[in-house]
Each structure stands twice: as C-alpha cells, then as structure tokens.
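Here is how the chains run, residue by residue.
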Amino acid sequence: MAFNVMEHDMVPEHHLLSEKEADGVLAELRVGREQLPKIKSGDPAIRFLEEVVGEPIAEGRVIKVVRLSATAGVFVAYRVVVER
Amino acid sequence: MMPTPLHGVSKRIQALRFGLLSPDEIRRMSATKIITADTYDDDGFPIDMGLMDLHMGVIEPGLRCKTCGGRVDDCPGHFGHIDLAMPVIHVGYIKEIKTLLQSTCRACGRLLLSREEKQEYLDEMRKSDALAAGGESPRTMEITKQAARDAMKRQVCPHCKADQMKITLDKPTTFREDGHKLTPKEVRERLERMPDEDLRPLGINPDVARPEWMILTVLSVPPVTVRPSITLESGDRSEDDLTHKLVDVLRINQRLRENRDAGAPQLIVEDLWELLQYHVTTYYDNQTSGIPPARHRSGRPLKTLVQRLKGKEGRFRSNLSGKRVNFSARTVISPDPLISINEVGIPYQAARELTVPVHVQAYNQEIVKEWVIRGPKPTGENGEYIPGVNYIIRPDGRRIRVTDKNAETVADAVELGYVVERQLVDGDIVLFNRQPSLHRMSIMAHQVRVMAGKTFRLNLAVCPPYNADFDGDEMNLHVLQSEEARAEAKILMKVQEHILSPRFGGPVIGAIHDHITGAFLMTYKDARFTRDETSYLLSMVGRAGLPKPDMKADGQSYWSGKLLFSTILPEDLTVTFRASIGSRGDEEDAVVRIEKGKIREGVMDENAIGAFKGKLVDRIARDYGTERARQFIDDATRFAIATIMLRGFTTGIDDEDIPQEAKDEIAEVLERAMEEVAGLVEAYKGGELEQMPGRSLEETLEVEAMKKLGRSRDDAGEIASRHLGVENSAVIMARSGARGSMLNLSQMAGSIGQQAVRGERISRGYWKRTLPHFQPEDLGAEAKGFVRSSYKSGLNPTEYFFHSMGGREGLVDTAVRTSRSGYMQRRLINVLEDLKVMEDRTVRNTAKTIIQFRFGEDGVDPMRSIGGEAVDLDDILTGVLGPEALSGAQGAGHAVAGYGAQEKDMVVELEDDSAALSDDAED
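From first to last, the protein sequence lines are chains A and B.
Quick note: the first sequence uses our numbering, first residue 1, plus one each step.
Quick note: the second sequence uses our numbering, first residue 1, plus one each step.
Derived from the structure by calculation, the hints contain no laboratory data.
There is no bait here: all hints are sound.
Distance condition first, Cα-Cα at most 20 Å in a straight line; then the derived SDA-like pairs of lysine to any residue: (1) 127/B with 83/A; (2) 64/A with 857/B; (3) 40/A with 849/B; (4) 836/B with 31/A; (5) 127/B with 42/A; (6) 38/A with 128/B; (7) 64/A with 841/B; (8) 836/B with 37/A; (9) 127/B with 41/A; (10) 98/B with 284/B; (11) 848/B with 31/A; (12) 38/A with 129/B; (13) 40/A with 852/B; (14) 848/B with 33/A; (15) 38/A with 849/B; (16) 38/A with 846/B; (17) 40/A with 142/B; (18) 613/B with 573/B; (19) 38/A with 857/B; (20) 848/B with 37/A; (21) 38/A with 852/B; (22) 145/B with 205/B; (23) 64/A with 856/B; (24) 64/A with 849/B; (25) 64/A with 852/B; (26) 64/A with 858/B; (27) 848/B with 80/A.
Just need the whole structure built from these sequences, with the hints factored in.
If you want it as structure tokens, here you go:
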C-alpha cells in the first residue's frame, strides 16, 4: 500500500460489521441490503479493511462509517459492499 | 433480497428498451403514402396522397378521418410516409454511424475484433447485467464503448485480413474514407453487411435495431394533428413549420427521382441528393452545426422536430414538467397595511371569474340553489359584491353555463350529485405566488378578501418572503379545487405558518421600512400621546377602553408609547435583547427589557419587530404559536402606521445639510489624506517606501493608499454624522434599521470615497493612466478613482466617470450572479426534488433507498431551530433560573459572557469524545 488513506484527516473510520451485527442494523433500520448506500469493493477503505481482516470482503457485507459531523457531532452511517 | 413494497403502485417499470424503426415498420404503420407536395385543392379540401391527406387524421371540424372514421377530437392522427428516391443519413444517429463504420471491416463488414475478444466483451457484459437485477447496468455502456474503441484501433481485419482505411466525418453528414466521399448508399451497404452477432458487443440489440436503419430510405410523416395548419382571419391558410419542411423534402425528392430516372449527369444527381440530405437533416434538427438553418420567407428560422422538444420552451420543460392551469389569476400587486398578513385582496373582476366547486348535498341543497338563482353577476342593494355561480356540472360531467336568463331554470335542475362552481367569497383559501419561486415561502396560502380596485392587495409584512415591491410587480393566484387541497394549504401553507423560515431559523415575515420607523417613533424615549391619540391608536388594533395614563405634563395626562405598545405583547413575555440603535454605544433605550409583557426600557426597532431580525416576532412565534405571532405582526404594524401618520414623517436632501464649519473640517481631513497619499507615491517613486512582508512594492503602495483613503472617508462620515441630530429623519431611519445606513448618509453629506473595480483602485483605461486628464504614471488619489465629493455636493467629471465604473461592475456582477445561481439551483433541485424525510427520520428517494440515515445528520427541523441550533440554552437557563441567571447589571453583554464560558466547557467535553473517536480511526 503506497499510502494509507485512513491516516488522512478527512477519511472517516470504517468498521466491518459481522453478519450478525449487519442483520441487527438492517432490522433496526427496517431496510433490505439493497436500500443501503453502496461502497465499491475497490474503494481504498475496503482494501485497507481487507488487509486488516486478512481476507477479501465479500459483496453484501455491511460497513459502518463513523465520522465527525458539523451538525450532529458524531454521525454513524452504513454502507453495503458492492462489486466494482 | 427483500422486494420493496409497492405503495398503491399497480405496475412498476422494470426496464425500457429503445429500438429503431425499420423501413418496413414505417411502411406498415403508415396510413398513406405521400407523393405530392400540394396540400389543399382549390376548394380548400385536402388532396389525396398530399401532406394533409385525410388518412393522416383531421383538424377541421365536420370532416371524418379516412383511416379510423373519427371526428376532430376522437381521431388521434395516423402516420404517413414518403419513399425517398435515394437514401439519406439521419442526423440524430450520426455518432453511432461513425463508430459503426470505423469499427467494422470495409471488405467483409465484420466487427474488427477476433472471435475470442468478442466473446470476452460479451461475457463481461453478461456479468455486469446480472448484477443490475433485470436490465442493463450503467457499466454495460462502458464496456460497449471500450469494445468499439478497441475495434477502431485495428488496422487489419482479423477475419478477412483486409487493410482498413481511415474514415472521417465531415460535419454534419458527409463521411470520407481516405478523403473519398462515401455516399449514404455506400454507407448503408456497409452497415447491411454487418452480421447480427457482431452487433451485441457494441450494445445494439439486432432484434430491434439494425444499423442500416439509421440510413433513411423511407421518411415517416407525422399525423396532421401534430402539425395543424391555422386559418387566419383573412381566410388564408398558414401551414406549420414541419409541413413546410416536408414540402421541401417532397419537392427535392421528386426532382431527384425524375433526374435520376431520366439519366441526368452524375453531377446534377449528386447535387440534388445533397440538397435532399440538407432538407431531411433540417427537418429533424434545424440547429445542426455546420449548415445554415432553414428559414421562413420572413427570415425566421423554422422550428423543426428537435426544436420542439429541446430547452426551456421545449415540450419537456414547458409542457410536461410544467403546465398552464385554470382557476388562476395574475395582476399587479399593491399594498394594503390594514388587511392581515394572512389575507389577500382580490378585485371584483377576478373574483367573478375564479370559482370554487361546491358539491350539492342534502344539507346544502337549498342554499346552493339560492346561489344559482342569483346568476353569474349578483350585487347587493348598494351594488356591493355578492358571489354568484358561473357553471354547474351535472353528474354526467357536462358543464352548463349559468347566465342571467337561464339562472332560474338551471337552479331548478340542481340536485344531489351536482357540482356548482361558486365565485370567491371572503375567507376562501387561495395560493399566492411570486416568481421566481426560489424557496417555499414563494407560494403561500392566503384568505380571500374581495375588494374594489384592479390589483391584488397584500400586507407589507409579507413582502420579504415573496421579495415583492410595488414598482409594477405582478403576482399569480390559484384557487384550490378540492377539500384535501384546502385542508393541506390551511395547515401547511398559510402565511402565518411561514413566519419562521427554515433557511436560518428566524422570522422572514415582519415589519419593514415605515413600520420600523413608526414603531421607533412610538416607543423611543419618552414618546407620549394625548387622550385622543391614544384612543385612535388603540382603535387601530381593536382594543376597547383606555389603560391608566402613566405620564403627566402641564397638568395633562399622557400615555407613553411604551405602555401602548405593551398592550399588544403577550402578558407573560419576558425578554432582554439589544436594540438596533444600540449596536454600538450604550445610550438610553439601547437595550430592550420586557418584563411580564411590559416594556421597561428600550425602543422597538428592527431588532424587535423587523423581518429577518425581529427578536420579538421570533420569540412570540416560537413560544406562543403562529396565530399569536400573526396577531402581533398585524397589531404592531398597525400601531406603527398609525403613529407615523399621527406624527408625520418625511425625508429630503436637506436632512443631509451640515454647517459650513463641518464642511471645512471634512475638506481638511480629505485634503490631508490626499496629501498623505501623494507622500506615499513620492516615497514609492523615490524607492523609500518600506515593503510589507509578502507584498510587492506596488501592492504595498496600493494597500497603504487604500487604507489612508478609506479612513479619511470614515472620518468625513464621522464628522458629518456628528452634525446630524438624532431627530433627523434620515438618521432615524438608518439607526432604527428602517432604511439606509449611516454609510449611505456619510456618502451623501461627507465624501463618497474610493471607487473600486475588482477590489482595487481604478487602474484601467489609457496607457499608464486612467483618463487623459491625468499625467501618465500619476498614482495619486484623484487619478486612481478617489471621489472626495459627496452625493449632495455633486461629482466633478472625472469623479463621475470613476463612480460609473464602480457602479457598472456592481450591475454586471448581479446580472452574472443571478443567471449562474439560477442554473446551479436548477441542477440541485433536479437531484433533490423527490427525496423526502420518512417517519423514521431517514431521508429516502422514491425507491425507498436510504440517502441519509438521519435528516441533516442531527434530525433537527431547521424551521424550529434557533438560528440553526437545536436548542437555545440562553432561553432555557432564563426559564429555569429566572432572569438573574444571565443578567448582571447590564443584561445582554454579561449574559453572553456567562453563557459563553459554559458553552466553551461543553465544547471541550464534546471534543474530547470526538478526539477519542478519531484516535480510533487512526488505529
């Protein structure tokens, strides 16, 4: 990895949710996976996570994004991994 | 994956497929072949096989369509066709034809990709399509483009080994192969040779689109209903632009066929062929670049197919996204300070035309019959307006016009199930709108007040949200036609529901101009009113009985303005804030203190009741509801108008008169500043000017000169305003925030100051100087646009010129800004228009896909926010701990300090949290 984007100030933290956690989130939001915003599997953040986990992240996995927000302080969003 | 639930949707479009019309299909759907360019015979009857053939539909009442037998409104129209003598290229597909020619073999017509490569692309496409459930994914388009790019690069055909030549496009419709012209016929032959299986990698489905169909051999002719001819008063027929164009095509087509069949020289045939190509091209798009647009005899360019659809006046934007409507009116607006902000005044003439449908029920049958009997123009004994009925609608949908003559008979027929269209009455709900409709407050619901005159009347306090004034502005009005619409408008769109703006969490509706002056005069210091004046003032807000007088002078009782104004405040209102006049300095009445609905001190000005800034309006709307706020705005503005009329108020240029010694003083200040600038210039030329860090010597001089001259203008203004008393009308307006600023005044009385273009002293014009009145390289104050005169004293010619330069820049800026921001907003709206906040506070689109997990990330409704913040801590603290929580002796100033410390503490806590979180992010 030439440059670790996660070290950049403007890149929010990304967490890979387990299948169980993901199902919990979807149940709470009452949505299906296809209704979540998407993130491409080729996204630098996903490639970084793959390196951390040590295995490829399959399509359909849910990523939790925690970022600082001007209005809410801290804001949590979710994204579903799609093939690029 | 879970299928999205369909809410009242009976069918959902899964995919759209676009194909081409084959010549065969065009002939099959054609009702008639067209061979003659003539339209009507001498009797004015459509000629058979002419452009107005009755097989293609009817536009004249009385005739019947020869295809379907329908009359004018029943027959939808039918297509015809023209057989072209020679094939021509369809301009709309020119890009596709180009890529097809370039990516196929000139000898065998195969795609210039090997079998394996082709298969690879097909596999990739299948994979990406599978991902986009049912339909093509946007990625597929990319793949087809890549396939075409790869094929175009090939120099030799991988199938027949033929060498490929370079194909270029001579805009708009001529193809060349190594410089030699390719006729449309040759192009068509090449495309015909392409095998079906070679089309798929290019994203073409051969079942619905063969490439040779992009070269026209048959031209489909739209029905006459698409291109109706109009009969002028003189009896002459005027044909539609499309018909004109088709006539051209037919004429040339005929000549081309004759010449070709007679064996005319190749050159002549080719010329005619090209002419036919021109006519067919302009028939589709008359703005094709590279060819002159076809024109009408008058010189007006023809409006052909593409022009009908494209742009702001095109079918999409002006007929499909937006439509003209009934039950609407438009006229000039004018002010009426005595109607409520919720109301709109409507002239009799308009009220007679605009109607509300009333469904006849058992409970209203009798009264509705009464209305109908009155006819369409009933008046009272003194000629006053009484609503009548224009139409009744029978249950079968037929409309019957009510006239004075038939009113009684029609009324007898009215039964349950009928609908009666009743004219407007006071209290009806209508929508009122002023363009440009930039925000939601541009369309608000008002209650009708029918009145004399010919203009719409509106309360001045609603001018700000509409951005309206009365210099000739016109506004639109729409009458709601259903109970649901009226209920929705009443609850959501009434003016009072928009006092607080979602734009900045404060009031957009409030006092302006004279309202503010009036309130200021009413409440400033010891303004007082006699018994007569007091009863007049109180009568304006409909209050009976006089309060106890609170002032006495010369044995007379007086009522203070503050006491009177307090009568319209909520009884338990307690606030403290800084008045507009108190923005600097701490003079009397600069801080407003209201306790239990009584004004203890302070003056009512822009910061109290003004639109955008009014603290009282804001506070009352928030804490006492919109109805109370409406009442307050109505009352406050009436008080203000009554006061200003009692006292009288005017301003003129003599308000800016200052004594001679002040003028001398100003002249001296300006003279000194200009000398100082001259000194700077000298220092610069002598190389003695000390350079500022990060700036060149020239920049240093400019900055220093600007600073000096700017300060001298301020000083001049300061001197001038010292001599303008507080009783001065212009000063009252500026300080209370009614109109104008102290800067405006000092520019009138003192000096206008430095003029700037692009934020710099004026430097353009002649070689090394701005005007021939100055020496080259003169960098002094006058030569670079300093205007020492005041507006009142008048400008000398060079000053006037510089002032015009600065003024022009301002005008150009606004013109550019409006058009640019208009387009920006259009694009934003197109993206955001169908997003909505769901019950769970997520923001979703029409497919119920989540766009944002919580509205605005904090879930705060900006309209209910306090200046954008979710909570007003200041207010909560005062509410819980009493006013002492914030105020020391001086109120506002202290309060902010105390609160500031607490806010800071909280910010630190929050930041600690988030800092911890961002640390995580780095792990």
